[in-house]
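Given chain A's structure and the hints, the job is docking chain B onto it.
Spelled out from the first residue to the last, the chains are:
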Amino acid sequence: MTLRWENYVLSRDVEFKTFWEGYLKGGRRNTLYILGVGFDPRTNDGIKSIFAMAAEGARRVIGLRYFSDKEEEKLDQVNERVQNNIDSLQTYLTGKGIEITYRHIILQSPDEKNIASINATALFGLADIKDYTDVVVDISAMPRGIFIPIIHKLLNLCDANNSQKDAAIINLHVVVTENPRLDAKIQDKAVAEEATFIYGFSVPEQGLKDQKKVWIPLLGESQTEQFDTIRRSIDPVETCVVLPFPSKDLKRGDKILDEYKELLFNDPDFEPRNILYVDESNPFQVYRLLSQTISRYQESFKLLDGCKIIVSALSSKLLSVGAFLAVYESKNGQQNIGIKQVESKGHIIPAAAAAQMPEVLTENIPMHLWLAGDPYIA
Amino acid sequence: MRVDSNPFFSRASELIDLDDKFVQLFSPEILHVFKNDNVSSIWGPVKIFRSSPGGGKTTLFKIFTAKLLSQIKERSSHDLHNRGIYELLKELNAYKADGSPSVAGSLIPFNNEYVSLEYLRINDVYKLRLFFSLLNTRIILSILQSISIVRDLKFPDELNRINIKVDHGLLIPKSIRTLSTGTEFYNWACTLEERICKEIDSIGEINTEFLEGSDNLFSLDIFAPKNVTIDGALAIDRVLVMLDDVHNLTANQRAHLIKSIIDKRPLVNTWISERLKALSIDEIFSEGSKENRDVSAIQLENFWSQRYAAFEKFAKHVANRRIASVLDDQVHFESFLSTTLDPESLRKVREALPKVQAHIAESHGNIGRYKNWISSKENAELNDDLEKLIAWRSLEILIHRDKIKGNTGQATLGLEPLDDEELDDQEGSDVRNAALLFLNNEYGIPYYYGLPTICRLASFNIEQFLMVAGELFEEVIALSVKRIVKKNLKLVVPPARQEEILRKTITKKKYNDVLTIPEIREFLDSIGEFCKSQTYLPNAWNSPGINGIAISMKERTLLKNTAIHDQKHVYYKLAKCLATCFSNNLLEFRLNYKCKGKLLMVIYINRIYCIKYNLPLYNGKFKERNLTTLLDWYNNGFKPQRLQV
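Chains A and B supply the protein sequences, listed in that same order. Okay, so the first sequence: first residue is 72 according to my numbering, each after it adds one. Okay, so the second sequence: first residue is 89 according to my numbering, each after it adds one.
So that you can see chain A by itself, here it is in the shape it has in the complex (with noise of 0.2 Å):
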């Protein structure tokens, strides 16, 4: 089994500054950094410290903004947050002389289906990065939703783009300000009462072949509801749980796992010897892990006319990177396997932990991912 990221660029905390530094100075690099301008505090962490950084070449930002209908953004009215972020990088930017544009995206259509992902997809194309040595995804304020479908959309242009004879290289980066803390007090207002897979990683129902699935949810907190929403919608024979380990907090994983508890030991498909356990701040090793248990699993199955492996992300966005590069890799090796999730109507963070965010935010820690571009080029 050959696996494209085997050998991977990951930096975090200091090192990311280090990285980031010597790369900038390594020569002229014409940069397009796409970014969420959402409520969330990371919102303009990644962009400030990577663009105060001393840099030759062209500098873009590309802001997305969401919108839950076409009456909201015809509104336009954003909660103060939101406004303060926008007003912040706006500022920033101006100060630095570069240039930013808005992209909106409408999450849900008049008869409230999640639409989120496929007008994500729709969003980028070739004439946006083809002038560009180095496109920087930054994932912090972006909900998985989003984010999966644009990197998959950025990831397949810059492949077709390098693996032209002569052309030059696009180079893809993902930056996510995590900080697990920050992302256990953010809460959903609602979610979406359908699962749905996101746009691209679709597994059809295909008719009658009548074969078995197979789930691997990637746990986190205060996902019970959309554990049990997107579980519904798939009916697995298998379910095959991850939890993160080593993690910061060493109990973390038990501590999921009795959230779940209710939802997992009432029924045949889960087994307590198929959890797979994952460094929660390497995404490279959940794809790794996640390749194999994808291999294995399509393997199990041969007998049985094969399988159909769905994932869902209910956990870091870190995490969910991984879980999507194991997912984008197995599907483009014509595996039958895709993305499923249940979308959230919006987020907030309530009042009592607003109150603690200064000493919360301390704990931000800056990680890049290198995808596609010069390091995976023979």
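Take every hint as true, because none was put in to throw you off.
In silico DSS-like cross-links for lysine-lysine, where the CA-CA straight-line distance does not exceed 25 Å:
id	chain 1	residue 1	chain 2	residue 2
1	B	Lys-664	B	Lys-597
2	A	Lys-373	B	Lys-155
3	A	Lys-416	B	Lys-596
4	B	Lys-648	B	Lys-684
Calculated from the structure, these hints are not laboratory results. In this text, all values refer to a predicted model and were calculated from it rather than measured experimentally.
Leaving out everything else, chain B in the frame of chain A:
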């Protein structure tokens, strides 16, 4: 007894993949949905089944699939449960006289996959064409498989024995006009389906050139039983296509699908299931009825609400089947739910009794008119303290009623003493029930407990019943663990603990998701608080209490035909709020209820929310309120007023 898993929390029965387990948990009571029809009408016009989530639509459909019909017949010879289902299905003509299935039932589930078609960046005509093409391929494949199962053909290897005579008068794509065998249809459908699936999940340009013009459900006509033969003989009596979870489509897809089916009067039996939320707001206010000679609609909760005893029997049966799936002994769920008060509740009863007696003596003891009534209670030979307490609290209610009849308390002073017989006449079960509800509110004496209560809390929705029953069964599991060290511990949940668990259940996120929308929460609270204010009047004149309101049918017409279509209409937001409450199962309604010469739309609170407002669970009484009042509640919330009693 040691239980490791909670059978009520295992996946909903329709999702249980193993057919054996599905049948094991299937309760045939649900087939009574068809009992009101005459048998021929089941196989007549298009049927639309609607309910809130968990109403039992998919379960009902799944039992008619070819695989299960064949399996049930096979097992009916040696398994009582299967035989029971078989007999009922046979009465519905799902089996021939020789016992073989007469129906090739195909279940076509709709998932979100179809939704993305609507938002692809392609021409609207092609979106619809992709949708119908994909659906047609799936219906064709599913019917071919169902016929193979019923007729014992190896699928897909023996499909060449099936011959389909294509009626060239039908609007069908060119490429299938020349097909005739099952194998040819199978190959055609598989190829097209795979091509479509690949295209619709593509992140690049979508190619639609390969699509032939087929913007209708021709698959529902091709397989008319008269056109399908196996080795020259007619293959099957009936073909049944069950389109499940149509609510998962977009509004546009759903509208085209339903119109296409109704317009064409399909040549195969066609059933549709959808959640209430799929209905347009206009349809919601009309109970979704589009009934005519071509379509009949069944709303499952409404069906059961008119047959409470049957629902209770159904729910008990479902619960017992679930218990049987984890226990070797045959134990009824009811046996875990004690109706005998625990020592703590008995203490509360003993403390409350003298207080109630003292209160009556103090407030009414010196009124001669009630002398006989009071002494009749004093002399009553009741051994049970709770019975005594209820009797005294009932007396207090009746005295309040009598005082109101006399207009003021003072007016009753000079009247003749009332005799015991009048007391007996007035002290009906509704008054006793109201007394118990008052005691629950005043002294914490348990009211919400026992299996009948849990059945009522389900609001005629079987999934809601399973959720509530599951919460109680968790306690049974906990007791079974404790019994390892306490051998004498009984596996029964006392009433007070049952009530505590039920009150906790209503705080769960599942029941509060829609209520995160402030206007919905406040409106429901207003109705709840209004019902509470009317229920807890000292004379309990609405005994056992009210849990609903009503508007006139004229006002409902105003909401349905005018307000909901005009965003500037004064009642627009109210109409929208009501529709959201109906589609999310917070409120239920009955149309054309006759009361005092008026026709009303009665709006009940979903029974599970009745606990939140301490309301009775019985198919309760209601109070009519006009739209102006409801709008005031919507805008400002319900403000209790001093009622003239």
